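Use the sequences and the hints to build the structure in full.
Protein sequence lines, in the order shown, are assigned to chains G, A and L. Residue 113 in numbering that gives the first Met the number 0 sits at position 114 of the first sequence; the count goes up by one each step and never skips. Residue 57 in numbering that gives the first Met the number 0 sits at position 58 of the second sequence; the count goes up by one each step and never skips. Residue 33 in numbering that gives the first Met the number 0 sits at position 34 of the third sequence; the count goes up by one each step and never skips.
These aren't lab readings, by the way, just hints derived from the structure by calculation. Quantities reported herein were computed from a predicted structural model and do not represent experimental measurements. Be careful, since some hints might not be right.
No copy labels: a pair is met if it fits in one copy or bridges any two.
[Claimed, not checked] Straight-line alpha carbon distances no greater than 27 Å define the calculated DSSO-like cross-link-like pairs of lysine-lysine that follow:
1. Lys-141 / Lys-18
2. Lys-5 / Lys-18
3. Lys-55 / Lys-28
4. Lys-5 / Lys-97
5. Lys-97 / Lys-18
Residue strings, one per chain:
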Amino acid sequence: MQFQCKGIDYFIYIEKNEKVMSTLTQFCKDQNIKNAKISGIGAVKETGIGAYDTEKKEYFQNHFDDVWELVSYEGNVTLKDGEPFVHAHVILSNHEMKTVGGHLFETTVAAVGEFFLRKFSGDAYRELNEDIGLPCICLENKLESLL
Amino acid sequence: MQFQCKGIDYFIYIEKNEKVMSTLTQFCKDQNIKNAKISGIGAVKETGIGAYDTEKKEYFQNHFDDVWELVSYEGNVTLKDGEPFVHAHVILSNHEMKTVGGHLFETTVAAVGEFFLRKFSGDAYRELNEDIGLPCICLENKLESLL
Amino acid sequence: MQFQCKGIDYFIYIEKNEKVMSTLTQFCKDQNIKNAKISGIGAVKETGIGAYDTEKKEYFQNHFDDVWELVSYEGNVTLKDGEPFVHAHVILSNHEMKTVGGHLFETTVAAVGEFFLRKFSGDAYRELNEDIGLPCICLENKLESLL
Chain G
0 MQFQCKGIDY FIYIEKNEKV MSTLTQFCKD QNIKNAKISG IGAVKETGIG
50 AYDTEKKEYF QNHFDDVWEL VSYEGNVTLK DGEPFVHAHV ILSNHEMKTV
100 GGHLFETTVA AVGEFFLRKF SGDAYRELNE DIGLPCICLE NKLESLL
Chain A
0 MQFQCKGIDY FIYIEKNEKV MSTLTQFCKD QNIKNAKISG IGAVKETGIG
50 AYDTEKKEYF QNHFDDVWEL VSYEGNVTLK DGEPFVHAHV ILSNHEMKTV
100 GGHLFETTVA AVGEFFLRKF SGDAYRELNE DIGLPCICLE NKLESLL
Chain L
0 MQFQCKGIDY FIYIEKNEKV MSTLTQFCKD QNIKNAKISG IGAVKETGIG
50 AYDTEKKEYF QNHFDDVWEL VSYEGNVTLK DGEPFVHAHV ILSNHEMKTV
100 GGHLFETTVA AVGEFFLRKF SGDAYRELNE DIGLPCICLE NKLESLL
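Here it is, written out as structure tokens:
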């Protein structure tokens, strides 16, 4: 991987055959990034994406082994059990321009992986919400429904 | 909802059963945010999305009542009639990883709603453009086509 | 086109019948923007999108002449042969909410084109990578695989 940092903005290039989620997670640990917004594009392979079943309270996963364009990657970094945790959703497109999307488990760069990470100097963390069944984000200011 | 603010960046968590567009719009009013970029991911339900018919000059709308992953939310805040107005486009994915997309009317968080808002300290506003039939953005610097 | 600049953030409105890629590229040249992140939404027509064939090492292209919602535009600006170069991936949706996506060659605004550009004050550039067959991003800090 390669990166360049200017202030709180990081330009990140994940190289061919490197794993996206593991690389970004390790990068946040190494750089002491606790909270961030990440977005990017590229071309990927060996992709596991899924969705959360809100009734069964579990994720299921689908695999796409061949090369797809990564047409959208949008994610965030929060602390989970004290460590940086990356949560991202992606959209992929194939050679017929067909798209699939979902929660990203892992994917490997097939050609290029071009990302921007913007550090957020907060301390947002995740804590299990039993009603939802997922570790959910906890932020400083909690407001009753605004409506 | 919950939020944390650092400088001009807001990390926003919209909670289960809260409406996304109404919550973000009310938040901008309460925080005096006139212009911004918003992006996010999550899982949503009771979603109304549509498209603009450029010939009939009207939006039509489709409804997706069940739970979909919110795989991309990209929007902006401008002033319309002096009040903050959120314009957003989304892409949703279902349990078969199929995607649908469009202009977002409203959607409700089904599990989590994780957003970043970046304040833009300008005064961009919308004014009806009769040729297009929509309130269009007006910015400080207007240039002839650059090409 | 219209724009407003606050610090390193640009709010950009590309108007009906203006080309998106050419306009953004020319804007970067005029404003001396070498590196940036760009994202946006809108409604477009006469769109050329494609994908990279990693075996043949070439892009192929598909055309969508009619009006589609631009539901996601995510791109970056780097230097290629010393000039600003925009690389972007998009997702479009039609009146049935169907989505298509890919690498964006060019598209023309059909109604509105609403973009944010965030300048990155670096000097990232692209250089041909013969293994991949594409001009790939080169950044200041090069790390061995982090895993």
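With identical chains, the pair Lys-5 and Lys-97 could be close in the same copy or across copies; at 27 Å between alpha carbons, which is it: within, between, both, or neither?
This pair counts as neither: shortest intra-copy Cα distance 36 Å, inter-copy 37 Å.
Have a look at Lys-55 and Lys-28 and pick one of within, between, both or neither, based on CA distance no larger than 27 Å. neither (32 Å within a copy, 37 Å between copies)
Alpha-carbon proximity context of Lys-141 and Lys-18, limit 27 Å: between (35 Å within a copy, 16 Å between copies)
(Q) At most 27 Å between alpha carbons: which applies to Lys-5 and Lys-18, within, between, both or neither? (A) within (24 Å within a copy, 30 Å between copies)
- [ ] Up to 27 Å between alpha-carbons, please classify Lys-97 paired with Lys-18: within, between, both or neither.
- [x] both (23 Å within a copy, 24 Å between copies)
Hints 3 and 4, counting from the list given before, are not met by this structure.
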